[in-house]
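Generate the whole structure from the sequences, applying the supplied hints.
2 protein chains.
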Amino acid sequence: MVFKVTVTRAWRATRTLWLPMLVSLSVCVCVCRASSPQEDSAMENIVTEKKAEESHRQDSADLLIFIMLLTLTILTIWLFKHRRFRFLHETGLAMIYGLLVGVVLRYGIHVPRDMGNVTLSCHVNASPATLLVNISGKYYEYTLKGEIGANEVNDVQDNEMLRKVTFDPEVFFNILLPPIIFHAGYSLKRRHFFRNMGSILAYAFLGTVISCFVIGLLMYGCVTLMKQLKQLDGDFFFTDCLFFGAIVSATDPVTVLAIFNELQVDVDLYALLFGESVLNDAVAVILSSSIVAYQPQGDNSHTFEVMAMLKSFGVFLGVFSGSFALGVATGVFTALVTKFTKLRDFQLLETALFFLMSWSTFLLAEACGFTGVVAVLFCGITQAHYTFNNLSPESQDRTKQLFELLNFLAENFIFSYMGLTLFTFQNHIFNPMFIVGAFLAVFVGRAANIYPLSFLLNLGRRNKIRSNFQHMMMFAGLRGAMTFALSIRDTATYARQMMFTTTLLVVFFTVWICGGGTTQMLSCQRIRVGVDSDQDNSISITDGSERRSTKHESAWLFRIWYNFDHNYLKPILTHSGPPLTATLPPCCGPLARFLTSPQAYENECQLKDDDSDLILTDGDMNLTYGDMTVSTDATGAHMSGGAAFAGAATCDDLDRELTYGDHELVMRGTRLVLPMDDSEPPFTDPYQRLRM
Amino acid sequence: MVFKVTVTRAWRATRTLWLPMLVSLSVCVCVCRASSPQEDSAMENIVTEKKAEESHRQDSADLLIFIMLLTLTILTIWLFKHRRFRFLHETGLAMIYGLLVGVVLRYGIHVPRDMGNVTLSCHVNASPATLLVNISGKYYEYTLKGEIGANEVNDVQDNEMLRKVTFDPEVFFNILLPPIIFHAGYSLKRRHFFRNMGSILAYAFLGTVISCFVIGLLMYGCVTLMKQLKQLDGDFFFTDCLFFGAIVSATDPVTVLAIFNELQVDVDLYALLFGESVLNDAVAVILSSSIVAYQPQGDNSHTFEVMAMLKSFGVFLGVFSGSFALGVATGVFTALVTKFTKLRDFQLLETALFFLMSWSTFLLAEACGFTGVVAVLFCGITQAHYTFNNLSPESQDRTKQLFELLNFLAENFIFSYMGLTLFTFQNHIFNPMFIVGAFLAVFVGRAANIYPLSFLLNLGRRNKIRSNFQHMMMFAGLRGAMTFALSIRDTATYARQMMFTTTLLVVFFTVWICGGGTTQMLSCQRIRVGVDSDQDNSISITDGSERRSTKHESAWLFRIWYNFDHNYLKPILTHSGPPLTATLPPCCGPLARFLTSPQAYENECQLKDDDSDLILTDGDMNLTYGDMTVSTDATGAHMSGGAAFAGAATCDDLDRELTYGDHELVMRGTRLVLPMDDSEPPFTDPYQRLRM
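Protein chains in written order, with the working numbering: chain A, 1 to 692; chain B, 1001 to 1692.
Keep in mind that the hints were calculated from the coordinates and are not lab data. Please read these numbers as outputs of a predicted model, since none were measured by experiment. All C-beta atoms in this analysis are idealised placements derived from N, C-alpha and C, irrespective of residue type, glycine included. Treat the hints loosely; a few may be bogus.
If you want a taste of the chain A side facing chain B, the calculated C-beta under 8 Å gives, among others [as the list claims (entries may be wrong)]:
#1 A61
#2 L63
#3 T341
#4 L343
#5 F346
#6 W359
#7 L364
#8 E366
#9 R398
#10 L402
Cut-off 30 Å, straight-line C-alpha distance, at most; resulting in silico cross-link-like pairs (BS3-like, lysine-lysine) [what the hints assert, rightly or not]:
#11 B:K1051 / A:K51
#12 B:K1050 / A:K311
#13 A:K311 / B:K1051
A few chain B positions that, by computed beta-carbon distances, are all more than 12 Å from chain A [unchecked claim]:
#14 F1455
#15 I1513
#16 T1519
#17 V1531
Next up, the structure:
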């Protein structure tokens, strides 16, 4: 009942907006199309130039459709937020608008058949990347766009217009995904992420692999059944099934996390979901490319072969570690450059350098044959952890805002394109049986990921992942941009086309139904909302035992790494942390002095003050000392003044530092509507948090 | 002597940076190239896919070269700024790095001849945009890239690698120029711009046309002479000469204005130069396209024909007014949307909308057959004048910083590409006689623009443009991004290729010599530096007579427009200005109440306060009353409280408002090094202003 009312209200609100804009949109499209032939007749002699110009105008008009769509989406999002309508997220909205425009383009606009395409029959063995065609004495250069199935040749000539609004699939992978993924890495809430690091890694790596294989096996069963029932019109191999499993295993955090942010859901649940969905994108990308790389040597290329499988596994490890290393390396390089130059005096240069270095990670990885998207993710995390601290406050704002904007635009673009594709894509294969099977498999695959892993993790965790959290994680496994980009990348074969269609439907369903039902599910599962991440922190500070339990369960894995990071990496790469002269052995004295920035010594004094401030809190003091006894790996150097932080970088330090790290990330301008304090989680789209 | 010392210092500074990076750059390029063949042999069966992948990797590597170049430029700029080296601007530097990389690519890296290109001879009459090639049973889709001269067919096959780093020329026009031009419009210093509006328009419109025709005629003489001396190997028509005149008439403000900003040169000179170079870009673009549109009906397409010429003139007027109208229209639309929605509560949405609307201006203009770059310029000015006032402070910062960054990146990219092109472009035609003639013509053309127009303008101006200002304007006529983009757009014919080569040299010469000599020229011409734009203002406030003269000389043209803008446009489009209920006739009451925002009434009270504040200054009070007697077009409505601003929106108001408008634009983060006050000119790259 409530739902119905809100829908009506939202509809009324939307109707006022979209009708005039949609009309103007179609008019604009028609005008652009109508004006072409008249111009063409005017100067028939400059055919090539005119054609290029016309094609350019057409491209502009097509791009304009998307810009208008995005504009429309933005205005509607505003209306929804303004009227506190929460059942449809902006991504779902973008898809709906995309669908509508797709319908208009498909059925509404009739374009005269373009006779300009010519089919040449040539006696060439290979398909060269560049083709020089000698047409009545003049040479024209053509570039290869791709192979086309024999049955689509007529389609190509028929639906010139629909094909025009179809982007090169690589655009998604090379232009739109990188900012989204980088933003995810750059905005990772490090504090809660590290607290749940073990579980997140388990869900993301083990879970995605499990999900991939479960879905793959189920789909293979489904496909085999379909073959028996003669429901299949083409080949569908086991590798195809696995590939499908890999691409639909990438979950998308956008919709659910936006609502989580708005409602301030439990931070641990948030961290688990966000961390999992960020990392499993990377796993899914590399998993799918490893599956593609599975090529047995024999004649039948779809038999099982141990060597080929090992090779695939090697590809997985190699590409993952390579991408990881590249991403971290450019992040570290940027950190060093920003630390050792006084670039921070010139914010524009600093921001530009940061942007270029982050982008070059992607290009470098792609050029070396690794996966750019994965490299960019780890680059983002490294930049947030190290480089961010070296930037001037202005550049910190600028970089955050820049990537936030790029993320917003890219995401909404992808989702509205998804909607459009349902009607404009030429080679959809709707196979009801496959679709039903896929939905079932996706559901089972998600369950096989979450429940068994949660059970195993709970054996080790003190702060158990409760069953309502597990249900919520199960429910929140939306599929989004990454799944779409992976599935549209290659739609050459029958199997891939069927996969693409099915994937699109899975995305639609999960974004609309699961995304829209998040609020209901939260209240149904009795998950507490309105939890301030800092309030949570203050609770644990007063309740020492609870806090320690949260810490211990995560820290066992990362204490060693954290100590190393805090004592060596942070001082080398940033201005913070203890001076290296205190942490490195005395023999490295000159090097330590060279690498330590003057600020580190100042920090030393400041940290002392900070410590004494914190000691005023009774519970905290207890903890500090309690932890100091735990940490036995103190180097003992610089003991007089810096003992509390130089050697004894314990999980308490970790917790505090991550908290402060987050504090630094707090965005300006988020306190317009909501009465929130400074300690909000960092860098989440500010408008998503506003409750009105 | 001083020059030499500084050069050595800069060289030493640079050497430490660029050598390792250049080495790593070449290594990276080689690695990427070397890794390709090995992979190819692994799976020979997936030829097309592999090829596409390889081509993608190649593209990534090529783009990486440019990213590295930009990174290198940024680091060197920082070093130069850090060491206060001022003889080479960043754009000049970017060109030098581009040149170096061009040399390396051309002579340093040997790429084995790619045999992949195949020449097909076909019996087709037209060159279709899409080509379907049937290669041994499979269909491949090819897209038209352009025509290639018969003599270049072998080159194409030879220099695959050099061609790879060559971008599609349309990239400059459609991707890199728009942000630069938008930024120029958005950052126009409105106050000084409006004060010198008449002169700026004269220089930009009349001056550019004069310059175009003078250069065209001189070049025609030169070409005729070359024909006599048999120095010409191809056709070169009068329209080509005029086209050349049009493209080299577009001056680039970047280098000179950066130095002006740093040295705080006289604001009127700054306004004249900046305004001229921003607007003459627009004039040059449309002039060149009108010249291309000159197509006599007869057989000989290069005779003079009145009808064709009139048509060209019509094209000029039509395209210009169309682009202008479109740019202003989207600006106004954005202003209305931001005024009447509460979008300002959600800064991300606001910024995204602003960005999308500004971009859609470009696309809309291109789709309608107008010139996107010109539309974007006027959109930028409109956005700055109206929409900017409706944005939330955060979005004001965000949009400024975003376009500043885009401008910076695009500009440096274009200039480094220019350097690269000198060695990597395939069809250079270095004709010494043409080049010498062009330099002479460019010089004479600039002189014919500046001196006669200044003489005529001085007849009408009270605040004369002194001869040293004229010399400086003559000297500051650098050619840059626009000239390059226009000349590389079409290099199909012999004439165009020779033009392109010559244009490149003109750009190099003017950026390095004129740009580098700006400081010397300023001191040589005894032009006062260190003028704070606000100090200048305060002088005129205390010295009433001087101020009035400055005003009157500019205001005669725009008093009417200004009154209209202040009384009707500003209140309709923004929250500022007097309420419409006061300015519109009483019959429009309901409409006026609907359009007036509540803030306008608050402003009303505030304005009164402002007025009374200002009246405390003695000189100002005199002026206020003096102006009020001048303005006789007061509507008389709302006389009791709002007389001073409702009707009597005089040039004093204009001056004050523009001043305050500028104040709003002041950037944060510019006060790190220089002791400057708040009243700095708005939104010029902050680091350019820092003196250290």
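Find the hints from earlier in the document that the structure breaks and name them by number, from lowest to highest.
-> Checked against the structure, no hint fails, so every one of them is satisfied.
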